[in-house]
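Chains as they are written, first to last, in the numbering used here: chain D, 35 to 119; chain L, 14 to 509.
I should point out that these hints are in silico values taken from the structure, not numbers from a laboratory.
Among the clues, some could well be false.
Unchecked claim - Within a straight-line C-alpha distance of at most 20 Å, the following computed SDA-like cross-link-like pairs (lysine to any residue) qualify:
#1 L:58 with L:449
#2 L:58 with D:71
#3 L:73 with D:109
#4 L:75 with D:81
#5 L:75 with D:72
#6 L:73 with D:80
#7 L:244 with L:159
#8 L:69 with D:40
#9 L:276 with L:408
#10 L:73 with D:72
#11 L:244 with L:344
#12 L:244 with L:132
#13 L:367 with L:351
#14 L:75 with D:39
#15 L:305 with D:109
#16 D:48 with L:75
#17 L:75 with D:85
#18 L:75 with D:84
#19 L:244 with L:261
#20 L:73 with D:88
#21 L:75 with D:87
#22 L:276 with L:35
#23 L:73 with D:81
#24 L:75 with D:47
#25 L:505 with D:72
#26 L:58 with L:505
#27 L:69 with D:83
#28 L:312 with L:206
#29 L:73 with D:85
#30 L:505 with L:408
#31 L:367 with L:404
#32 L:75 with D:97
#33 L:367 with D:83
#34 L:75 with D:40
#35 L:240 with L:27
#36 D:48 with D:72
#37 L:276 with D:81
To be verified - Every beta carbon over 12 Å from chain D, so not counted as near; a handful from chain L, in silico:
#38 333
#39 334
#40 396
These numbers come from a predicted model, not from an experiment.
Each residue gets a CB set at the ideal place from its N, CA and C atoms; glycine is no exception.
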Amino acid sequence: MIIRENTELTESQKRRVLERVEERNFTCASCGSGDFSVREALEMGFLFLDEEHGTYMVALTCANPDCGAPRTGIRLYRTEFLWDE
Amino acid sequence: MPELDFPAWIRITHFINIIFISFLIRSGIEILGTHPKLYWNDDSKPGSEWARFTRKVMPKDKLYDTLDEEEDYSSAVAMPGHKQLGLGRHWHFVSVLGWILCGLTYVILLFATGEWHRFWPYSWAIFPQAFEDMVTYLSFDLPPTLPGEPYNALQKLTYGAVVFILAPFQILTGAAQSPAIEARFPWYVRMFGGRQWARSLHFLALLAFLVFIVIHLFMVVVHGFGKETAKMIFGAEVYPVAATIIALAALAGLVVLHWAATKYTLAYPRSTQRILGKVTNNTRRVLLHRLKSRQDYSKADLTPEHRVNGKPPTSEEYKIMAAHNFADYTLEVGGLVERPMIFTLEDLLTFPTKQTQRVLHNCVQGWTSIGEWTGVPLRQIVESVRPRPEVRFICFWTMQDSGRDEPSAPGSGQFYEVLDLHLAYHEQTILAYEMNGGPLPITHGAPLRLRLETQVGFKMAKWIERIEFLDDYSHIGEGMGGWREDNVYYDKDVEM
């Protein structure tokens, strides 16, 4: 049995992630940019012993084309972004 | 028929047998304690066990691994006790070698001297006679011995069965649990119904031994302790008082031997690992190290939920990389090579050769699962980087920090394992990036893990980040050839 660990996000879910990014003033650790595109989310509560249930690592890609390390991530709780309208 | 008595070699091998078999039983209980569940299926599916010797309940909402299921048995029953699987395995394997040598000596002398007649049932009439003997015992009376023989019919059949059926059966079911033997001769383990059948039968045979020992000792007392022990000490029913004293002293000596061996093992685990390991490693290298895996299980055999051992790295870098489907992953291959290389996951996925194998996974703790693994043959990576002539070993460095990520295991530091270089050339040694037709799951070592099918699971490093070619590994960690070898005293080569 294959467990698909990453969750694909809908457009509204991605929009909410970007809202959280903005609220937290989250910036790229490599270039300092605050512009990101949102990818998939990894539920970490089951897999990692140091994570609480409902915690996700949401994959973000820095929008700055000159960024040296564009792939990063933001830790969010399920209730912060993962619901369908 | 020659005159049957108790010559010195029977008495000596009987005494040596007591030592080895008592160590085998206690170390066997230690091994059982690390996965205290028995199955009739090779999936070792949680909840499908027919016997369990633990009260632990595993969580359903959090990843647990089989290290969390280990039991901590007392040294009173287990050798050495206290969750020391590595040391228990050393004692078990050294004892089994001694036991087999002692048994072979006994059987050879049995046939060379004609003493085998003591076990040979010359007539079918012995079976009803044995039943009558049992009825006599149950009537609190003693049956007579057979004419001109040292045993009554029941004793003759029972001892014969222990020597020629139970003991070989225990050796054969033990061998069926060796990953190297299973991998090279899959038909052999199937002959027992599968790996977990072999493990369960091995356990039932242990119980049979225990029942035999208890009844045997009880009967020695019933027949007359002094008289019976005299046969095994002086070779005849003479000096019963002296025999009683010597037998009790020998039993006390056996207890002291176990106590001292246990204390030493727990106080000096590294020294025990080195001393006992020398014996077992040399034997293993001669008998098992060159065996190559030839497994090809069917898709129908695949385990629906392959069991897990080891917990994923909890570093932020790993979690971000996993959320991005390991797009940033790189494998560094270096050390003593002509062409150090760095492979991306894409490089590995598009490697010219993609190999798939369906194989039985053997955990050192005793559980199994059957999985399909796809990846790059390790020999092709080796050929790409061209090791220098002095290279003898390959070290697999992982992203797991055991102190941080694996609280159920004692010790800390980056997890690594060392292999002999020649194992990389085995056909079914691969760096796997897929499992059961999909991407390798995080729980099973994503994005890259080793598959080395003739050894137990812990050697197959998961979450690999770097491969280093070496001429010597004594400078790494404690110098024992791997994180588990350093911290929990396992063997470096684990073909059994």
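Status of each hint after checking the structure:
The suggested pairing of residue 58 (chain L) with residue 449 (chain L) holds, with an alpha-carbon distance near 17 Å, which does not exceed 20 Å. For the hint pairing residue 58 (chain L) with residue 71 (chain D), the CA-to-CA distance comes to about 41 Å; that exceeds 20 Å, so the pair is violated. Distance restraint check for residue 73 (chain L) and residue 109 (chain D): the Cα-Cα separation of roughly 23 Å exceeds the 20 Å cut-off, and the hinted pair is therefore not satisfied. With a CA separation close to 7 Å, the supplied pair residue 75 (chain L) and residue 81 (chain D) stays within the 20 Å bound.
Straight-line distance between C-alpha atoms of residue 75 (chain L) and residue 72 (chain D) comes to about 27 Å, which puts the hinted pair past the 20 Å bound. For the given pair, residue 73 (chain L) sits about 9 Å from residue 80 (chain D) by alpha-carbon distance, which is consistent with the 20 Å threshold. Between residue 244 (chain L) and residue 159 (chain L) the alpha-carbon distance is near 17 Å, which keeps this suggested pair within the 20 Å criterion. For a cut-off of 20 Å, the pair hint linking residue 69 (chain L) to residue 40 (chain D) is broken: about 31 Å separates their Cα positions.
A C-alpha spacing of about 33 Å is found between residue 276 (chain L) and residue 408 (chain L), which places the hinted pair above 20 Å, so the restraint is violated. At most 20 Å may separate the alpha-carbon atoms for a hinted pair to count; residue 73 (chain L) and residue 72 (chain D) exceed this at roughly 30 Å. A hinted pair counts as satisfied when its Cα atoms are at most 20 Å apart, and residue 244 (chain L) with residue 344 (chain L) does not qualify at roughly 67 Å. Restraint check for residue 244 (chain L) and residue 132 (chain L): satisfied, since their Cα atoms lie roughly 17 Å apart, inside the 20 Å limit.
Between residue 367 (chain L) and residue 351 (chain L) the CA atoms are separated by roughly 24 Å; this puts the pair beyond 20 Å, and the hint is violated. Between residue 75 (chain L) and residue 39 (chain D), the direct Cα distance comes to roughly 14 Å. Compliance with the 20 Å bound is thereby established for this hinted pair. A hinted pair counts as satisfied when its Cα atoms are at most 20 Å apart, and residue 305 (chain L) with residue 109 (chain D) does not qualify at roughly 45 Å. Proposed proximity of residue 48 (chain D) and residue 75 (chain L) is contradicted: the alpha carbons are some 27 Å apart, above 20 Å.
The straight-line distance between the Cα atoms of residue 75 (chain L) and residue 85 (chain D) is roughly 10 Å, inside the 20 Å bound, and the hint therefore holds. For the suggested pair residue 75 (chain L) and residue 84 (chain D), the alpha carbons sit about 11 Å apart, so the restraint of at most 20 Å is met. Between the alpha carbons of residue 244 (chain L) and residue 261 (chain L) the distance comes to roughly 14 Å, so the proposed pair stays at or under 20 Å and holds. The hinted pair formed by residue 73 (chain L) and residue 88 (chain D) meets the criterion: a straight-line CA distance of about 15 Å does not exceed 20 Å.
Using a Cα cut-off of 20 Å, the hinted pair residue 75 (chain L) and residue 87 (chain D) holds, with the two alpha carbons roughly 8 Å apart. Taking the CA atoms of residue 276 (chain L) and residue 35 (chain L), the gap is about 16 Å. The hint holds against a cut of 20 Å. With a CA separation close to 12 Å, the supplied pair residue 73 (chain L) and residue 81 (chain D) stays within the 20 Å bound. About 25 Å separates the Cα atoms of residue 75 (chain L) and residue 47 (chain D), which puts this hinted pair outside 20 Å; it is violated.
At most 20 Å may separate the alpha-carbon atoms for a hinted pair to count; residue 505 (chain L) and residue 72 (chain D) exceed this at roughly 45 Å. About 28 Å separates the Cα atoms of residue 58 (chain L) and residue 505 (chain L), which puts this hinted pair outside 20 Å; it is violated. At roughly 18 Å between alpha-carbon atoms, residue 69 (chain L) and residue 83 (chain D) fall within 20 Å of each other, so this suggested pair holds. Simply put, residue 312 (chain L) and residue 206 (chain L) have alpha-carbon atoms about 18 Å apart, close enough for the 20 Å limit, and the pair holds.
This hinted pair checks out: residue 73 (chain L) and residue 85 (chain D) have alpha carbons roughly 15 Å apart, not beyond 20 Å. A distance of roughly 12 Å separates the Cα atoms of residue 505 (chain L) and residue 408 (chain L); the hinted pair therefore holds under the 20 Å criterion. Simply put, residue 367 (chain L) and residue 404 (chain L) have alpha-carbon atoms about 26 Å apart, too far for the 20 Å limit, and the pair is violated. For a cut-off of 20 Å, the pair hint linking residue 75 (chain L) to residue 97 (chain D) is broken: about 35 Å separates their Cα positions.
The straight-line distance between the Cα atoms of residue 367 (chain L) and residue 83 (chain D) is roughly 33 Å, outside the 20 Å bound, and the hint therefore fails. Only pairs whose Cα atoms come within 20 Å are accepted, and residue 75 (chain L) paired with residue 40 (chain D) is accepted, the gap being roughly 17 Å. This hinted pair checks out: residue 240 (chain L) and residue 27 (chain L) have alpha carbons roughly 16 Å apart, not beyond 20 Å. Only pairs whose Cα atoms come within 20 Å are accepted, and residue 48 (chain D) paired with residue 72 (chain D) is accepted, the gap being roughly 6 Å.
A distance of roughly 39 Å separates the Cα atoms of residue 276 (chain L) and residue 81 (chain D); the hinted pair therefore is violated under the 20 Å criterion. Look at residue 333 (chain L): its CB is around 4 Å from the nearest CB on chain D, not clear of 12 Å, so calling it non-interface is violated. The non-interface label for residue 334 (chain L) is inconsistent with chain D: the shortest C-beta to C-beta separation is roughly 8 Å, within 12 Å. Interface exclusion of residue 396 (chain L) from chain D stands, the closest Cβ pair being 31 Å apart, more than 12 Å.
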